[in-house]
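For the record, the sequence lines run as chains A and B.
Heads up: the first sequence is residues 323 to 693, going by the numbering used here.
Heads up: the second sequence is residues 323 to 693, going by the numbering used here.
If you're looking for bench data, these hints aren't it; they were derived computationally from the structure.
Nothing here was measured: the structure is a model prediction, and the numbers come from that model.
Among the hints, erroneous ones may be present.
Which copy? The list can't say, so a pair holds if one copy fits it or any two copies do.
Unchecked claim - Calculated cross-link-like contacts (lysine-lysine; reagent style DSBU-like; alpha-carbon spacing at most 30 Å):
1) Lys529 x Lys443
2) Lys443 x Lys625
3) Lys393 x Lys660
4) Lys393 x Lys599
5) Lys529 x Lys635
6) Lys330 x Lys393
7) Lys443 x Lys635
Protein chains: 2
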Amino acid sequence: MILRRPSKAIQIGSVTVGGGALIVVQSMTNTDTRDAAATARQILELEECGCETIRVAVPDMDAAQALPAIKRAIRIPLIADIHFDYRLALASLQGGVDGLRLNPGNIRDPKRISAVVRAAKERGVPIRIGVNAGSLPPALIPPSPPSRDDHGVSTYGVGTSGEPLSTSERMVEVALSQIRLLESLDFDLIKVSLKAFDVPTAIEAYKSIAWKTPYPLHLGITEAGTPRAGSVRSAVGIGTLLYMGIGDTIRVSLTGDPCEEVVAAYEILKSLNLREKGPTMISCPSCGRAEVDIIGLAQAVEKRLEGMEKPIKVAVMGCVVNGPGEAREADVGIACGKGKGIIFRKGQIVGTVEERDFLSAILAEVERVQN
Amino acid sequence: MILRRPSKAIQIGSVTVGGGALIVVQSMTNTDTRDAAATARQILELEECGCETIRVAVPDMDAAQALPAIKRAIRIPLIADIHFDYRLALASLQGGVDGLRLNPGNIRDPKRISAVVRAAKERGVPIRIGVNAGSLPPALIPPSPPSRDDHGVSTYGVGTSGEPLSTSERMVEVALSQIRLLESLDFDLIKVSLKAFDVPTAIEAYKSIAWKTPYPLHLGITEAGTPRAGSVRSAVGIGTLLYMGIGDTIRVSLTGDPCEEVVAAYEILKSLNLREKGPTMISCPSCGRAEVDIIGLAQAVEKRLEGMEKPIKVAVMGCVVNGPGEAREADVGIACGKGKGIIFRKGQIVGTVEERDFLSAILAEVERVQN
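Sequences and hints are given; from them, build the entire structure.
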């Protein structure tokens, strides 16, 4: 149903981003990168959760020097997150990373950026131009009349009529300016992100750049908060863009265990039928109509199916209103009534069970469908 | 930034839905409605969480007879959820409810619907036409050539060229048919919902009907699952529509405590700047760059601000990359470095504090800003 924006494909190690490839799930470690063992351990856990590319902060040379050891210990592509100091990017490339993220807000000298781009080009390593509303470069004082700077990222923060740009327009301007710089160096292994905490600002920025550049887009809502609020915020922002066909890789930013980010990312993608992964629960909110403990049953089913890899849709429904309809659409379903439930498998009724057997009957059908 | 679809305003008791009013948050009880005391108790809890209209299932006459007692005990408007039996709608109206929800999938006889509509009209009580993908009415076998039935909801499930309708098209057809019936009875206190578990199906249905009818729309993704997955699913579906300007009232359906539904609903609305409510946390995900325990700090701040009514934005940021930028934008912010943090209030630096004082310094500033 969703027509995706065409984008250029790039290769982050073994993972293709863009060009119609499945939307890739990225996360970021929160260990001290200098502690290679702890960082690799967290990445291996993230691989288990389904993380497909991993980014690590490289705040200093010690962190850059830990990258080869981390890279050896993990399977998914490794991306170095660089701010302020271009030499950390060069060291990360030497350390064998599969991707770089540069922030045009704080690495601004075109000569230094060029040095990084040349080294990345030699190794075929893509660069993400990672613009963030919280760290935009200062706008230059525009000459009169304002003219355009075709290199670097210090553009003027004003529109063609001299009007001040909105935050989202300024983000797009900074990204396009950096894209032009990289292209002038004959480099096109580019990915772009335009993150903001404010969801409409981020959506506007991505919508605007989507049709101005062919490169794959990395979506994120930055500093979205702790898991409960942050996953909802991210779902609204990332989900709206994905529904519009925009986005090639996503990262949900949560103040919490990075595995939570991966879980939320897949829930967003699954909700739009863009990825399949493990069980999907269709369960009613329960109401004054339900005659069994739907919340308890749904939680028990969810718990028992946790970690299952194969996609499967399981419906746990509390009454006859939508119960039979939804249970019929799922791979396995139960429509509960007073003390009894009707079990469905792939749209067919396969039997009626007593309340005490609800859980075991559902699990038995899941087993059957999976084999 | 969001241009809302113009819609007719209706009045659910004291609450205006549509016509440019603030988007209203609805939830539904999961107590046994016949137990008026337990149901009223849950509604009072939901009022505390910010719920603005409440729906209760009315599965039988005993439930309908409990409505006056429930109504007396609560402050927010009460809506009766009716399926199958139109007499329950009549009894609910007599019981003093402020709104009705009828399911055109299972109350199909135009004569019975007319009886309900007349009684609702007498009392000025709005009716929600609540279509659900899981309980669509059976499509009639179309005559040849297919013709349109202007009354009732049993339409033909085929398009103008005889092609079968998609689920979302069928949902819209059923809703429009019911709208025509209500309008033919000179009734226009109408609200419409077109819920589905499948997010693209629901979005397509709402997008389609948005420009075919002037009535306010109640948004929901049905049977979305347990809170973690269900709130993300609802955020994608409801958030995408709200971003498009569609939606006048929302209900997040979760298999869990209904207060979770209300919390998630406000997070969706806050993320699009459509409502303000209590604290909004801008907190970074923490990474190898952070030199303090950002997760612990953000959780502690969030916990201490829980239940606060006044809107306030608080940024908890782990480093100098986006820290100062985001902290400056918030009402109160901290940008942490090694052992120290810079405190911002309304964009101004107000001081530097030691790590052990981070939490107390933030809370002191919040106090200051609130007064």
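Going down the list of hints, with the structure as the test:
1. Lys529 x Lys443: within (28 Å within a copy, 45 Å between copies)
2. Lys443 x Lys625: neither (47 Å within a copy, 47 Å between copies)
3. Lys393 x Lys660: between (56 Å within a copy, 27 Å between copies)
4. Lys393 x Lys599: within (26 Å within a copy, 44 Å between copies)
5. Lys529 x Lys635: between (32 Å within a copy, 26 Å between copies)
6. Lys330 x Lys393: Within one copy, since 26 Å is at most 30 Å while 59 Å is not.
7. Lys443 x Lys635: neither (44 Å within a copy, 42 Å between copies)
The structure is inconsistent with the numbered hints 2, 7, although it conforms to all the rest.
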